[in-house]
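Undergrad: Take a look at the letters that make up each chain.
2 protein chains.
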Amino acid sequence: MAETRERLLTATNELFRRHGFNGTSLKQITAAAAAPTGSLYHFFPGGKEELAEATIETSGEVYRQLFELIADAAANPAQAITDFFEGAATVLAETDYIDICPIGTVAREVASTNDRLRQATDRVFDAWIDAVTIRFEGAGLPRRDAAELAVTVVAALEGGFMLTRAARDPEPLRAVGRQVRRLFELTLATATAERG
Amino acid sequence: MAETRERLLTATNELFRRHGFNGTSLKQITAAAAAPTGSLYHFFPGGKEELAEATIETSGEVYRQLFELIADAAANPAQAITDFFEGAATVLAETDYIDICPIGTVAREVASTNDRLRQATDRVFDAWIDAVTIRFEGAGLPRRDAAELAVTVVAALEGGFMLTRAARDPEPLRAVGRQVRRLFELTLATATAERG
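Heads up: the sequence lines are chains H and F, in that order. Numbered by our numbering, the letters in the first sequence go through residues 1 to 196 in order. Numbered by our numbering, the letters in the second sequence go through residues 1001 to 1196 in order.
Among the hints, a few may not be true.
[To be verified] Below, a list of computed lysine to any residue pairs in the SDA-like style, where the Cα atoms sit at most 25 Å apart:
(1) F:K1027 x F:A1054
(2) H:K27 x F:A1054
(3) H:K48 x F:S1025
Just so you know, the hints here were simulated from the structure itself, not pulled from any lab data.
The shape of chain H in the complex, shown without the other chains (with noise of 0.2 Å):
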């Protein structure tokens, strides 16, 4: 039986990865999943909308995860940048630019319609940019730095795979990783430099 809930998310996600919410029907879903529509309903009382949060919050925390795993195995941030965008780029590339996090869509499909599951995307966001950000104070920046840093590297992330998909091209996303990581290296070395 939890199999089944698996399966139900697992179809949710790659569905909405290509369709986003709105374009997804809970008869791809139970269909894609291979299960009966009671089981959806067995599940996940609340109906798509509690398949939809559950979606989010399992997608969000693999792909904390995937950071601190990427984070953990990089020689130092910096590094972790190049190594997650570049990363990113390349499976977009070979996924034939579907997708890679159905939160991005989800969330600004949702943002001004369904208020339980803006704040499900918005936890989300706050997650990934708390690990970002415990990362970047960890490598030397002031708190407040490593914070707004962090916004804005998963803002350019979230921002380079829009870009990416609608050019059909890696080139976008890597140019974003660049510049993020230039920008961490220089904040980095002012806040080194004014420690003296």
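Based on the hints, put chain F in the right spot on chain H.
TA: Chain F alone, transformed into the frame defined by chain H:
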């Protein structure tokens, strides 16, 4: 008659800002425009797709012109960045965080599902990136730096819209604007120092 066409475009733009492409029906558009269904197909024989393409093009051009106006009025491109991001953050906060521009949401919705509309969003982003590149080059940046920074400004702006709408808080977009301005200023200082 031309007035009906305008009303249809305006209604589509407003509905896309709230509900996105997939969340908007032709019925909602004709109702909001107070136009008979027949008039929609008279002006846009290709139906929703053609109407969406015209909306993306019109709205993209309006925003490009707005950027030029703000850049003309600002003392320099650094101030123009602040004016544009601060202005957008204020408008979002004052209009209950309805999307300030429908193109970013539609771009993500259609990227994998409608190639004609994907290309329309790509042309708009390219026009914006070119406009910003020209200003940055005019300020003294080498072409390559100017272009890569312009891509980053557009990505950060679109990602900043997303974060500010998800949080219902103008601060993320403001923070992104401050960081992007800093990146421009540091890049300009480096280029100026290198020229001697």
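Undergrad: Keeping to a limit of 25 Å between CA atoms, is the pair of F:K1027 and F:A1054 held or broken?
TA: Measuring from Cα to Cα gives roughly 18 Å; hence the hint holds.
Undergrad: Does the structure keep H:K27 and F:A1054 at a Cα separation of 25 Å or less?
TA: The given pair, whose Cα atoms are some 31 Å apart, is violated under the 25 Å limit.
Undergrad: Next pair to validate is H:K48 with F:S1025; report whether the Cα-Cα distance is within 25 Å.
TA: Roughly 19 Å separates the two Cα atoms, so the pair holds.
Checked against the numbered hints listed earlier, the structure breaks hint 2 alone; every other hint is satisfied.
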